[in-house]
Each structure stands twice: as structure tokens, then as C-alpha cells.
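Q: Listed here are the chains, written in short residue letters.
Number of protein chains: 6
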Amino acid sequence: MPETNIEKFKKGREALNEIVLRYGGRNIKRFFTIDTQVYQEGAIPKKYKELLGLVSSLVLRCDDCIKYHIIQCKGEGVNDNELEEALAIGLVVGGSITIPHLRRALQAWDELKDIE
Amino acid sequence: MPETNIEKFKKGREALNEIVLRYGGRNIKRFFTIDTQVYQEGAIPKKYKELLGLVSSLVLRCDDCIKYHIIQCKGEGVNDNELEEALAIGLVVGGSITIPHLRRALQAWDELKDIE
Amino acid sequence: MPETNIEKFKKGREALNEIVLRYGGRNIKRFFTIDTQVYQEGAIPKKYKELLGLVSSLVLRCDDCIKYHIIQCKGEGVNDNELEEALAIGLVVGGSITIPHLRRALQAWDELKDIE
Amino acid sequence: MPETNIEKFKKGREALNEIVLRYGGRNIKRFFTIDTQVYQEGAIPKKYKELLGLVSSLVLRCDDCIKYHIIQCKGEGVNDNELEEALAIGLVVGGSITIPHLRRALQAWDELKDIE
Amino acid sequence: MPETNIEKFKKGREALNEIVLRYGGRNIKRFFTIDTQVYQEGAIPKKYKELLGLVSSLVLRCDDCIKYHIIQCKGEGVNDNELEEALAIGLVVGGSITIPHLRRALQAWDELKDIE
Amino acid sequence: MPETNIEKFKKGREALNEIVLRYGGRNIKRFFTIDTQVYQEGAIPKKYKELLGLVSSLVLRCDDCIKYHIIQCKGEGVNDNELEEALAIGLVVGGSITIPHLRRALQAWDELKDIE
Numbered sequence: 007m008p009e010t011n012i013e014k015f016k017k018g019r020e021a022l023n024e025i026v027l028r029y030g031g032r033n034i035k036r037f038f039t040i041d042t043q044v045y046q047e048g049a050i051p052k053k054y055k056e057l058l059g060l061v062s063s064l065v066l067r068c069d070d071c072i073k074y075h076i077i078q079c080k081g082e083g084v085n086d087n088e089l090e091e092a093l094a095i096g097l098v099v100g101g102s103i104t105i106p107h108l109r110r111a112l113q114a115w116d117e118l119k120d121i122e
Numbered sequence: 007m008p009e010t011n012i013e014k015f016k017k018g019r020e021a022l023n024e025i026v027l028r029y030g031g032r033n034i035k036r037f038f039t040i041d042t043q044v045y046q047e048g049a050i051p052k053k054y055k056e057l058l059g060l061v062s063s064l065v066l067r068c069d070d071c072i073k074y075h076i077i078q079c080k081g082e083g084v085n086d087n088e089l090e091e092a093l094a095i096g097l098v099v100g101g102s103i104t105i106p107h108l109r110r111a112l113q114a115w116d117e118l119k120d121i122e
Numbered sequence: 007m008p009e010t011n012i013e014k015f016k017k018g019r020e021a022l023n024e025i026v027l028r029y030g031g032r033n034i035k036r037f038f039t040i041d042t043q044v045y046q047e048g049a050i051p052k053k054y055k056e057l058l059g060l061v062s063s064l065v066l067r068c069d070d071c072i073k074y075h076i077i078q079c080k081g082e083g084v085n086d087n088e089l090e091e092a093l094a095i096g097l098v099v100g101g102s103i104t105i106p107h108l109r110r111a112l113q114a115w116d117e118l119k120d121i122e
Numbered sequence: 007m008p009e010t011n012i013e014k015f016k017k018g019r020e021a022l023n024e025i026v027l028r029y030g031g032r033n034i035k036r037f038f039t040i041d042t043q044v045y046q047e048g049a050i051p052k053k054y055k056e057l058l059g060l061v062s063s064l065v066l067r068c069d070d071c072i073k074y075h076i077i078q079c080k081g082e083g084v085n086d087n088e089l090e091e092a093l094a095i096g097l098v099v100g101g102s103i104t105i106p107h108l109r110r111a112l113q114a115w116d117e118l119k120d121i122e
Numbered sequence: 007m008p009e010t011n012i013e014k015f016k017k018g019r020e021a022l023n024e025i026v027l028r029y030g031g032r033n034i035k036r037f038f039t040i041d042t043q044v045y046q047e048g049a050i051p052k053k054y055k056e057l058l059g060l061v062s063s064l065v066l067r068c069d070d071c072i073k074y075h076i077i078q079c080k081g082e083g084v085n086d087n088e089l090e091e092a093l094a095i096g097l098v099v100g101g102s103i104t105i106p107h108l109r110r111a112l113q114a115w116d117e118l119k120d121i122e
Numbered sequence: 007m008p009e010t011n012i013e014k015f016k017k018g019r020e021a022l023n024e025i026v027l028r029y030g031g032r033n034i035k036r037f038f039t040i041d042t043q044v045y046q047e048g049a050i051p052k053k054y055k056e057l058l059g060l061v062s063s064l065v066l067r068c069d070d071c072i073k074y075h076i077i078q079c080k081g082e083g084v085n086d087n088e089l090e091e092a093l094a095i096g097l098v099v100g101g102s103i104t105i106p107h108l109r110r111a112l113q114a115w116d117e118l119k120d121i122e
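Protein chains in written order, with this note's numbering: chain A, 7 to 122; chain B, 7 to 122; chain C, 7 to 122; chain D, 7 to 122; chain E, 7 to 122; chain F, 7 to 122.
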């Protein structure tokens, strides 16, 4: 079975993270730790934290970050309606300049369905 | 009783919205309608939609938008822990450049407590 | 005759728009409608509206949006001098960080000439 | 007659520009020259260049830049409809995060009418 | 002797930092620690780290962050020429949209001289 | 010997710069001149100017600009520790949204070592 785009994305991300950890000192490593911690289950359920990460990434227009949170959202059981409502907020807040990223967000979401 | 900062903020906002509606044509008015619609109760509860609006506003660093969503979050029953966790995500995603806005977000949150 | 980059861009955009419309609810669809309306002929001629869209896209640094408006500008009869002057404003407002996008904007403009 | 907000804005801007020129070296001075040049009458009429500056400033959310171009637009004879259409493009491209700036843009525009 | 703008800025900052620490949990506190650590003397001298913070703040257009690093730069012995060269890089990278912030940066720098 | 990514990047950049110069008028050309001038040796050594360019590019999240300054930093003798400390400042200022660019920055830095 050929490798999916999602699998390629994950592998590429891991390979580059290795380079970051090789060069990164204490501050960069600590930052990565906090970056993991803030999305853990807490007063806000993990599912909504991933949606917060997704919408932040959409309004700041970072495709890699969007794709990562799309995958996480799927894993946390976000459904189509929830995703659509979150992306609609991002689109309104961030404007039409986010549309190319919105397209790729939904493309990744759609690919995740085929993998199921 | 003297007017609070929050009350001043609301009045100033309304006064300026009147100017926008006076000059705004069909497209601007439609945009304002959608901007209200996306935060309505739906598959995602209104509370989390306001948090999505808040964190988006924090990473994009808009004080007025942050203050508006802080007030809305209070109205939707967001508690201290939920607010802190949402702001922590915004801080990590958006970086130290968001800190002055984070300070003012928590200042507004604190003022809302005195009003209660 | 092989497919040009411009044709590939248009097809890819259409394919992804279909995915957006499949998942998108009422708010996202309304947003897309307004996004079309604001560029229609009005008090400001369509040609200048496309230049407004182009320069906004340049200062916000969105390659897809730039390419789309470059194609629209060509269709509205924008000439080399007008394009250069508009891009110069975008470059000055947005700074050297826009240069990679300016390069790709002019590359797309150049490709459109070969198609004529 | 008391000083208007617009007059205060202009004086404050001039006072600070003097400080910039006192400290600024050759590169900063050259940048300021280009910044003036790009808005001169050319293949694109000055009026539309000011609208390009205005919309760029709106999507990048800089109140001082917006106010400056609002004043320039008035001077170039931009009318209410043209202004509204340009701002609508900025609002759609830049999203609801631009609304506080849109409000202040129209407030400044409104103040300019009282001065007439 | 009346309080200077710089002193007011420092006091206001401290007062708000107290609010942040009152509400902030472990992740926010850790972030503040890293934010202090990255500017410490190291392979890059502290002086240049403050200039890195200053130019980053200029291109991202955050007045509070700019003012903070301007004060730090003064404390690290940055001279007029060094400051001007660093700001010129920020101006070119970030474009004319940074000019209002550049003005306020130099105004703060100028005020620091009067305090000496 | 096959062409490296770095060589491809340089060639692509030159090819597109030719297109810019073909269409670019006086203002665009002057801008390019200033863009070269601000990084010249001065009160701030060239090495630190390149680091200022790099960190600005990281917080503004422009991969092409980052890659360009990474190459320049290597040429100016920046070592691993200096690079890491500069990137850590960029990461903290700009937040986790810069991580995908940080990864690619270090990937380019790593490739430059293989070329040596």
C-alpha cells in the first residue's frame, strides 16, 4: 500500500524534529516541552485544545501547524460539524487571506477519512 | 458609581459601530452578520467558540478583540482555569510578542471580577 | 500543448474549492459570496479593485492569493506599468520580507504573457 | 477654535518625524524618500495609490498608517462610496480582526467631514 | 521631580506582570522563565541579543516590546549608530508599516538621554 | 556531483531576480539597493547584521528569507552556538508557529555543513 500524504507529513516532521533536537539547546528544548504541555487534558478538554491550536494556526496561516492539528483533532474524535464551525470562526477572524489554508485544511481532513 | 473601564469600552464600541453602519454598504453589513453567526451555539458550545475567538485574537494581537471576547467568555461562565489554559495556548503559539496583550487580557478579566 | 502553470493553478484551486463547498456550512458559503461581491464593478472600477486585492495579498504574503489576483489583473487589462507601480507600493509598505512573493508575482505575470 | 484630532495627529507625526530624521542615517532617509515616491501620480492615478496604501494599512492593522491615508484619500477627492468599497475589500481580505481599525478609519473619515 | 514616561512604563509593566503571575499556571510561568533565559550572555553577547529582541519587536510591530528592548539596549551600552543600523534593518525587512513604531522607538531612545 | 538544495535555491533566486529587474522601475530598484546596504559592515559587525536579518525572517516566517540569511550567516563565520541562541530568541518571540520554519532553518544549516 503506497504511503499516504499524511504518513509522509508525519515522517518528514519527525526527521526534521531530530535535526532541531540535535542543534537545540536547553531553551529550545524547554519550549518544545511547554508546547506539548499546553495541549494536555485539563480544565479544557483536549479536544477543544486541539481546536484552539487549529484555529490559531489557521488565522496565523501556517500549513504545517494546521495539518498537525487537523490530525490531532481527528484523533480526539472531532466530527465534521465541529471542524466546520471552528474553521468558520478562523475564516471570519482571519479573512479571505486564510482561504488557501482552509482549502488545504479540508483536503487533509478529507484524506484522513480515506485512511480510516 | 463611576463608570468602569469595561462600561467605557462597551459604549465606545457601540458609538463607533454606529459610524460603521452609517457608512457601511451591503457587503460590510453582511460581514457583520456572519461575524455574529459564527459564535452562536452549535456543534461546538458557545463557551468554547468564545475561547476560540479569544485565542485567535491573542495570537493576532488585537486588544479590542481580546477585550470583547474576555467579556463574552465571562458571560458564558468560563472559569479562571479554563481562561488560563486557553491563554497559555495562545502564548505558546504566538510567542512572547503576545505578552503585552496577555497582560491586558488578564487585567480586563480581573476588572470583570470587581464588577460582579 | 502541455498544461501551463497557470492552468494547473486554476484546476488545483477548483478541485479544492469543491472540497470546501462539500464541508462548508452556511457561514463559510456566505463568506465566499461576499468575497466575490467586493471585487465587482462599482464606484471603484473592477481593475483597481483587483489591484487592491493584489497589494493586500502581497503585504500579507499569500502566494495563492497573489497569483489569483495577478490572473484577474491581466483579465482586467492592467498593463506592465500599472502592475509595477502597485507592486512597488506593496513592497514599500510590506518591506523586504515580501520580496520572495514579489518575485513569484512577476514570474506569474511573465508566464501570462507567454500564454497570450 | 480648538485643535481637531486630525490636527493633533498631524502635529504629533511631524514632531516624531523630526526625531527620526535626527537619528536616521542614509538608509533610513532613502527609505523615506521611496515611501513618498511610490504614491506619486503615475500610470495609476494618485487617488487609487492612496486607496492602495489605505487598504494595505487596514489589512496590516496599523492605525497611524490608516489615519494618514484616510487624510490623503480625502485630499485626493475620494468619495464615500469609493472609500466604503475599498474598506470592504480590506475587511474581507483581513477578516474581523480588522474591525476595530475599520471603526477608527471611519471615525477619522467622519471627523474630516466636520472640518470641511 | 516628575515621573518620566520611562518610569511610568516600567511601573505599569510590573503592575500587570503581577496580575499575570496571579492567574498564570505552570506553563505560563515556564514561558516567562525561558523568555528571560534567551537574552542572557552567551555565545552571542547580551548587547546583540537585546538588538535581536528589538528588531524582532519592530518587524512584528509591538510598541511595548520595542520600548522594553530600547531600555535594555541603553542599559547594555548600545550607542546611537548601532541602534540606527539595527532599526534600519527592521525598517527594510518590515516595511513602511513599521514607521509609526520606529518613530516611537526613537522617541523613547531620546527620552532615555534626558534621564541620564 | 549532483546539485545541492542550496545551489538550486541560489539559482532559482537569481533567475527570479532577473524577472524582478526586468519589470521593476526606479522605486523597486532603489529598494533593492537599500536592502543590500543595511547589511554592510558598520557600527554593528556584518555577522550580527545577518543574525538580525535571520531572526526577523524567522519571526515573520518567510522560508526563502530564512534560507538566504542562513547561507549568509555561514559565510560570516557564525558558529553552531551563535546560531542556536539567535534562533532560540526568534522561537520565543515568535512562538510555536515559527517551529516549521525553525526546522527548515536548521535543515538548511545542516546541509551547508555537508557542502563544506
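Keep in mind that the hints are not guaranteed to be accurate.
Where chains are identical, the list cannot tell them apart; a pair therefore holds if satisfied intra-copy or between any two copies.
[Unchecked claim] Computed cross-link-like contacts, DSS-like style, restricted to lysine-lysine with a CA-CA straight-line distance of at most 27 Å:
hint, residue 1, residue 2
1, Lys53, Lys14
2, Lys35, Lys119
3, Lys17, Lys53
Calculated directly from the structure, the hints in this document are not laboratory data. Being a predicted model, the structure only gives us computed values, none of them experimental.
Q: Evaluate each hint against the coordinates.
A: Going down the list of hints, with the structure as the test:
no., hint, in the structure
1, Lys53 - Lys14, "within (24 Å within a copy, 36 Å between copies)"
2, Lys35 - Lys119, "between (34 Å within a copy, 22 Å between copies)"
3, Lys17 - Lys53, "within (24 Å within a copy, 34 Å between copies)"
No hint from the list above goes unmet by this structure.
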